[in-house]
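So the protein lines, in turn, are chains P and X. The first sequence begins at 1 in the working numbering and counts up by one. The second sequence begins at 1001 in the working numbering and counts up by one.
Just so you know, the hints here were simulated from the structure itself, not pulled from any lab data. Heads up, the beta-carbon is just placed ideally off N, CA and C, and yes, glycines get one too. Mixed in with the good hints, there may be bad ones.
Pairs of lysine-lysine residues, derived as DSSO-like cross-links and limited to a Cα-Cα distance of at most 30 Å, are as follows [unchecked claim]:
1) P:202 - P:104
2) P:31 - P:164
3) P:31 - X:1372
4) X:1047 - P:121
5) P:220 - P:31
6) P:228 - P:176
If you want the ones that stay clear, here's a sample from chain P, every Cβ over 10 Å from chain X, calculated [what the hints assert, rightly or not]:
7) 57
8) 76
9) 77
10) 81
11) 116
12) 133
13) 159
14) 161
15) 171
16) 204
17) 214
18) 215
19) 220
20) 242
With the Cβ distance kept under 10 Å, some of the chain P side facing chain X (calculated, not the full set) [stated by the list, open to error]:
21) 30
22) 41
23) 43
24) 47
25) 59
26) 117
27) 122
28) 250
29) 254
30) 264
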Amino acid sequence: MNNQTSKLLAFKIAALLAAAPAFAELTPEEKGLKIAQESDRRDIGFGDTIVDMEMVLTNRHGESSTRKMKLRTLEGVGDGDKTLITFDEPRDVKGTAFLSYTHKIEPDDQWLYLPALGRVKRIASNNKSGPFVGSEFAYEDMTSQEVEKYTYKYIGDVELDGQKCFQIERYPVDPKSGYTRQVGWVDKEHYRVLKIDFYDRKSVLLKTLSFDGYQQYLDKFWRADSMKMENHQTGKSTELVWKNYRFGNGYTERDFDQRSLRNAR
Amino acid sequence: MKNGFSRTIGLAAAVTGVASATAGEWSGYVTAESRLYERSPLQSEQKEGPSAAVIFEPEYYTDWDDGDRAFEFTPYFRWDSHDSERNLVDARELSYLIVNGDWEVRFGVSKVFWGVAESQHLVDTVNQTDLVASPDGEDKLGQPMVHVVRVTPLGDFEFFLLPGFRERTFPGREGRLRSSLWVDTDNPIYESAAEDGHVDGALRWFNVIGDFDVGLHYFRGTNREPILTPGIDSGGATVLRPFYEQMDQAGLDLQYTRGGLLLKLEALARETTSTEHSAMVGGFEYTFYGIGGSVVDAGLLVEGHFDSRGANAPTAFNKDVFVGTRLTWNDDADTAVVAGGFADLDNGSVFARVEFERRIGNSRKLELEVQKLTNISTRDPFFGLRRDSYLQLSLSQYW
Chain P
1 MNNQTSKLLA
11 FKIAALLAAA
21 PAFAELTPEE
31 KGLKIAQESD
41 RRDIGFGDTI
51 VDMEMVLTNR
61 HGESSTRKMK
71 LRTLEGVGDG
81 DKTLITFDEP
91 RDVKGTAFLS
101 YTHKIEPDDQ
111 WLYLPALGRV
121 KRIASNNKSG
131 PFVGSEFAYE
141 DMTSQEVEKY
151 TYKYIGDVEL
161 DGQKCFQIER
171 YPVDPKSGYT
181 RQVGWVDKEH
191 YRVLKIDFYD
201 RKSVLLKTLS
211 FDGYQQYLDK
221 FWRADSMKME
231 NHQTGKSTEL
241 VWKNYRFGNG
251 YTERDFDQRS
261 LRNAR
Chain X
1001 MKNGFSRTIG
1011 LAAAVTGVAS
1021 ATAGEWSGYV
1031 TAESRLYERS
1041 PLQSEQKEGP
1051 SAAVIFEPEY
1061 YTDWDDGDRA
1071 FEFTPYFRWD
1081 SHDSERNLVD
1091 ARELSYLIVN
1101 GDWEVRFGVS
1111 KVFWGVAESQ
1121 HLVDTVNQTD
1131 LVASPDGEDK
1141 LGQPMVHVVR
1151 VTPLGDFEFF
1161 LLPGFRERTF
1171 PGREGRLRSS
1181 LWVDTDNPIY
1191 ESAAEDGHVD
1201 GALRWFNVIG
1211 DFDVGLHYFR
1221 GTNREPILTP
1231 GIDSGGATVL
1241 RPFYEQMDQA
1251 GLDLQYTRGG
1261 LLLKLEALAR
1271 ETTSTEHSAM
1281 VGGFEYTFYG
1291 IGGSVVDAGL
1301 LVEGHFDSRG
1311 ANAPTAFNKD
1321 VFVGTRLTWN
1331 DDADTAVVAG
1341 GFADLDNGSV
1351 FARVEFERRI
1361 GNSRKLELEV
1371 QKLTNISTRD
1381 PFFGLRRDSY
1391 LQLSLSQYW
């Protein structure tokens, strides 16, 4: 190929790319991945957060109980995020703390602090599909949602509550996951996840997670005020109510080590 | 102990003046428990019938400077209907914490835990066992300490200065769960001339290396486990007097975590004036998640116990195997059952425990505990407890 033709070819490709609507040349898998990456990219640089969380568990008879906890997150650079959850209510578990190091590929590392014994205990992290503290959220729903933990497929453009969305499917890479697939609605304007349908190992619709009350922090980062998980198979639901988001706390790795588990409240 | 304790109170009092500037919080619980014994007691002095106890443990906590300074106070009160030796006023925690980057210092009465095993806490040395609280040895008395930690990329280096020794609690003359002779805790014997004023020290290194959590320690000071020697009490009765020797101890705790499998090992070597020995506990824990398509998790625990002193070891866990299970319902009441049994491989004695717990409403908890001793050999340290199998029911109110 001579210089002339290669230049021409390059020009043609550039023209084609410019003219085509975004993603048109991509396969549904590539496009799905691009959307997930863009959604992830828009949250890069949040640094760290602390937030109060109220978890309202409701059974199928409508009776509810509440757990209160505090979540600290340290953004991972080159690896997954670190999360420290401290429990405040119910009172018999007050002081209990859960530390998680999310990894992109490798299994996560998790520790638990048991205040009655003053004991820090490394725990098995392969309990992906198990319920997180008796809620409708599984451990894998609570830990950091790294792009690499799924493969993706773009399904189409849809509207949800008046917002233009991408509908994408994602498939957990980890065979220990409790899901075969998740269908997500991502709004086109801000790439925020608005809703996720979870399909169980038999590919039957298991749960729906709805995000509500998105607020923007530091003019950049979107966080929902409410995340409601409804289990279609049991009739139970769990709502996470997020309050008091604070960014830029200056956390370091030291605030997320085994020692900080004991000291954190 | 008294020396270290009053010094600590002085320090805490100085600290609370500052703490009042921030909003502190009280929490805690009160528990009512009753033990029903399967059989009448062996000794005529021991009280018959079910016993009752009340435990009250409030906790005050406050911190400031984003948690870099914290003050904790946890008094502990226990009253028992049958055994006055179970009556106790203690400070489980009365400490002031300073965190400065990679340095941490905690002054005062506090609690630290070393170890990884489930059925016995072999290397957990610093805090004295509050044996009468529960025979499982998991309740600990507050220990006066200065605890300095330096966090480095090579792990955490910890230094402990332990002024003031706490004596182990033992059932009294009228209490159950004791041998034919009771322990006269009013007349301990110390090897050190400083008695309970001996200042002990310890070093510990802890690190997480990939899938391994590893800790090493060295302890020098008063042995927390007394030798029980026959003696005469003030009333002329034959009793057991606790003899606290000085010791040097080195130990290891190691856990390997992969998938649902946890491999655990604790080992120690201890040298006292009268003897030297080594001991270990090791085994595994494997969890089956969502058994039978439910959300209930079932953990299998197997641990082996060895003590180089063999049949002469003052511990019941000289050559024993423990098999147990942990069932977790993963419900909003945090329902859980832990059940397991020790079998002595030499003399065939079996010691089994079942613990059940479940929250009621938002702030109450119901606990049921059964302890059963069967086939107890005359040569086993549990021989004196052979009629003391019991069922314990507790109800706690938290706030």
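List of violated hint numbers, smallest to largest: 3, 4, 7, 11, 12, 21, 22, 23, 24
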